[in-house]
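Turn these sequences into a full structure, and let the hints guide you.
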Amino acid sequence: MGKRKSSSAPAKKVKQTLATQFACLFCNHNDSVVCSMDKKMGIGSLSCKVCGQSFQASINALSAPIDVYSEWIDACEAVAEQEKNKDDEFIEKDGGYASDDDHVPKEEDDEFSDLE
1 MGKRKSSSAP AKKVKQTLAT QFACLFCNHN DSVVCSMDKK MGIGSLSCKV CGQSFQASIN
61 ALSAPIDVYS EWIDACEAVA EQEKNKDDEF IEKDGGYASD DDHVPKEEDD EFSDLE
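For the sequence shown, UniProt numbering gives the first residue as 1, with consecutive numbering after it.
Hints in this document: simulated from the structure, not taken from any laboratory.
Cβ atoms here follow ideal geometry from the backbone N, Cα and C, with glycine treated the same way.
There's no promise every hint is true.
[Claimed, not checked] Keeping only pairs whose Cα atoms sit at most 27 Å apart, straight-line, the calculated DSSO-like set for lysine-lysine is:
hint	residue 1	residue 2
1	Lys39	Lys49
2	Lys39	Lys15
3	Lys15	Lys40
[As the list claims (entries may be wrong)] Listed next, with one range per pair, are the computed distances between beta-carbon atoms:
hint	residue 1	residue 2	range
4	Lys86	Lys12	51 to 57 Å
5	Leu62	Ala23	22 to 28 Å
6	Ser54	Gln82	16 to 22 Å
7	Asp38	Lys3	53 to 59 Å
Okay, here's the thing in structure tokens:
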């Protein structure tokens, strides 16, 4: 008679950890942005070790460093959108040229008629 086959212990599941270092949006260095979270004060802060860019956001007990980083991305996109809208309003108000190409005046434009 043989022994019973012993079963091995179940394999432990590997717990994935969330990143605390991220790529900087301004200088594009990988793992240069470090996130620190002060849960008692309710403030999460990011700072880049290379370019010195920093950001702070309010956090709660369930917040993770990736949440602060995603808020930073959203804030940067909002500022970029505001600047784009501001530039568009300036072009409309100033009567400037909307295209990125430099405007070359033609003879019909009469812009240089007084220079002759």
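Go through the numbered hints given earlier and state which of them the structure violates, listing their numbers in rising order. The structure conflicts with no hint, since it agrees with every one listed earlier.
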